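Novice: All chains, please: the whole structure from these sequences, using the hints.
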Amino acid sequence: MIDFSVLSLSISQILSWEVLLSCLAGVIWGMFVGVTPGLTGIMAVVIALPLTFFMEATSSIALLLGIYVTAIYGGSVTAIMINTPGTPNAAATLLDGYPLARKGRTRQALEMALYASLTSGILSTIVAMSIFPVVAAVALDFGAPEVFAVIVFSITIIAGVSGDSLLKGMIAACLGFLVAMVGQDPIHGSSRFTFGIPDFQAGVHILTLLVGLFTIPEIIARAVEAFRSEEKITVGEMGPGLTFREYLRYWPTYLRSTAGGSLLGALPGLGGSPAAFLGYFMAKRFSRKPEEFGKGSLDGVAGAEAGNNAVCGPALVPMMSLGIPGDTTTAVLMGALVIHGLSPGPLLFESAPDFVYSVFLLLFVSLIFLWAVGLGVIRVAKWVVRMPTKILFPVVFILATYGTYAVRGTMVDVISMVGVGVLGFFMRTQKIPAAPFAIAFILGPLFENEMRKSLIISGGSLDIFVHSPISITFLILAALSAGLTVFLHRRLEGTAAARMIRD
Amino acid sequence: MSDNRSAGTEAPVSGTALPGKPEPGQPPIDIDTPTYRGDVIAAALCLGFALIVYFLVIPAQVYVPRAFVGTANSPAFLPKLICILLAVLSAVYLLNSIIAIRREATQGHARMSDWAIAGGMVAICLAYVGGILALGLPLASAACVAGTIYFFGERRYVLIAAIALILPALLWYFFVKVANILLPEPGLEILGDGSAPGIGMAAIVSVMQAAGQIAGQMAGLS
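Chains as they are written, first to last, in the numbering used here: chain A, 1 to 503; chain B, 1 to 222.
Derived by calculation from the structure, the hints in this document are not laboratory data.
Possibly wrong hints are sitting among the right ones.
Reference listing, derived: stretches of chain B covered by chain A, where coverage requires no fewer than 3 residues with Cβ under 8 Å from a Cβ of chain A [as the list claims (entries may be wrong)]:
#1 34-48
#2 53-62
#3 80-91
#4 111-120
#5 132-143
#6 152-163
Pulled from the structure, derived: some chain B residues nowhere near chain A, Cβ distances all over 10 Å [stated by the list, open to error]:
#7 VAL69
#8 ILE98
#9 ARG102
#10 ILE149
#11 LEU171
#12 ALA179
#13 PRO186
Keep in mind that this is a model prediction, so the values were computed, not measured.
The beta carbon of each residue, even a glycine, is placed where N, CA and C say it ideally should be.
Specialist: Following this line, the structure appears as structure tokens:
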């Protein structure tokens, strides 16, 4: 539990101009990177890392945390406005954010994303702070079979985002799985589907795939639209803002997504994208209007954004308590701590408890700055929304290409982006949904990796998946979820409700 | 399979119309409205893709250590499983679509001009990739953004020129000077530095080698 004497010491440490300005600078830089398609949070943190060599430990971690927290939200801005996820974490946000923008409810979607991010960020940080040792211990109980069960549960979301054709959704998911297998085999390290091209050894980058799957088809479709219409076409309208009542209505969604995101955040190696999809999935599963999902549901935006932002605080727990970074960004943060003479691990809380609390408090400070900067960005967003698509989308195409190239500095990514884009467009013409493709691509490697690690541990026996209560629980939940979705699909088929969803 | 066709498909079935042909005077449909004919093509492509990957690409492109042949821990196990699943699903999709075509005589068709515009945009994407390899990223981007804006219907040439100059310059400054990311240089990707083939040439050679391997597999199968 929280030690309040140490907490007050930490508050005095972070309330200095140097620390607060560092945090604000990090938030502004993180927002810039987040809203730029192709630039990722990790890239922003790495670019800023050399600056921290000349800064004091608390200021440097303030700068990096500001970037870390903000880049996750920033990615949703372009996802909502131009169907291009600024960062991979925003992949689930665009499923409902962009349809809302097309309906002239851009401001509502952006504000919902911001407030859901802030709410879950604050809640998950409180959770992480309060049950820091407990979360670390629970995370230790998650071995390969348990993580596999969580992934299986998350994969059942594919059925939920398949639109009105489960068959097409599953075909898209199979294609996504196959594309995810390009690169090195996760266990043996041998090449798969690389065709002898060295740059494929690391696989197809997630950002390359997301930009190809969502942005390029949108650009092609907008070209057709621009040709057909003589009128000035824009992305949509800003529309009305989010009311306080609307914000309050989605509290159950924030809580569910925060719980799911916190759990996935505390597990090393999963990151924000699966958490966003899990949040989106739970929001849809518990929604009274699941038929609105994928067509512009505020609940969907709330679920996805609350899910991915809930990862931030808990992801720091295994890093600081066990010395295990949860993802690449926390690995860089861990490097920054080491540079400043701090050793993340079981002894950090003993040796520098005030610093541990300072880190969590700085997450709160980052969220406050995010609120201010985020509202500023929403004000600026109206200029983007009013920009004619014949200017906006060619510019987006160039930005997306630069961003895709910059991720790994290889032309193979740009070629892959165009290839996936053409595939995505043809999928779009036949209403083969892109979301299951993206989900399978994101979760596929985790699924295979954890399954095979479990099988190695058990010597090939499948019993390992039903040994622990955690994995049994998640596998039962997955079976129930998949069964319920298929049942609902069959019940709805041919009914008035199905026609309403379709229309 | 659930019906998600255009309004055109809901027209009364005509005994005189040929399967898949539009009724005379039927309004064209949007390019992203699926048709049964399109479904048949998509399903056939998916089925063909699954079979090619299973029988030709996996044996040529996935190395399986001898100790793991036929086990669930083999690097080829999950790809094969996914291919089988994809083939089964695609076969069901194909069957459903063929039955639907035979049942429903009328169908809308997207305008040919829409397909031509979509094809034009795909051609711009491909030309951009070629342009990057030949001219480098900033120059190719200037040409591409100008060409794409013109393609989208903008005719204010001063505006087009301004965007084509300013955008790549700003991006070059940010990526090269601020983020220290090296952008592709003209010609190097295709031509190499004289002593070794560049990445573009290496990729082409590798794909040709892989195609040769697959052809070898095909010969083996036959």
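Novice: Do three or more residues from the segment 152-163 of chain B put their C-beta atoms closer than 8 Å to C-beta atoms of chain A?
Specialist: Answer holds; 5 residues pass the 8 Å Cβ test.
Novice: Can we trust that B/ALA179 is non-interface, i.e. its beta-carbon lies farther than 10 Å from all of chain A?
Specialist: Check fails; 6 Å does not lie beyond 10 Å.
Novice: Are at least 3 residues of the segment 132-143 of chain B within less than 8 Å of chain A when you compare beta carbons?
Specialist: As far as the segment 132-143 of chain B goes, the hint holds, because 4 residues have Cβ atoms under 8 Å from chain A.
Novice: Just want to verify: B/LEU171 was marked as not at the interface with chain A; is every Cβ pair farther apart than 10 Å?
Specialist: Check fails; 5 Å does not lie beyond 10 Å.
Novice: Report holds if the minimum CB distance from B/PRO186 to chain A is greater than 10 Å, and violated otherwise.
Specialist: 13 Å, holds
Novice: Taking beta carbons only, do three or more residues of the segment 34-48 of chain B come closer than 8 Å to chain A?
Specialist: Holds, because 5 residues of the segment 34-48 of chain B bring their Cβ atoms closer than 8 Å to Cβ atoms of chain A.
Novice: Counting residues of the segment 80-91 of chain B whose CB is closer than 8 Å to a CB in chain A, do you get three or more?
Specialist: holds (count 6)
Novice: Say whether it holds or is violated: B/ARG102 keeps its Cβ farther than 10 Å from all Cβ of chain A.
Specialist: 19 Å, holds
Novice: Against chain A, does B/ILE149 keep a CB gap of more than 10 Å to every residue?
Specialist: 5 Å, violated
Novice: Would you say the segment 53-62 of chain B counts as covered by chain A, given the rule of at least 3 residues with C-beta under 8 Å?
Specialist: holds (count 4)
Novice: Would B/ILE98 pass as off the interface with chain A, using Cβ distances and a cut of 10 Å?
Specialist: 14 Å, holds
Novice: With 10 Å as the threshold, tell me whether B/VAL69 passes as away from chain A on beta-carbon distances.
Specialist: 12 Å, holds
Of the numbered hints listed earlier, those contradicted by the structure are 10, 11 and 12.
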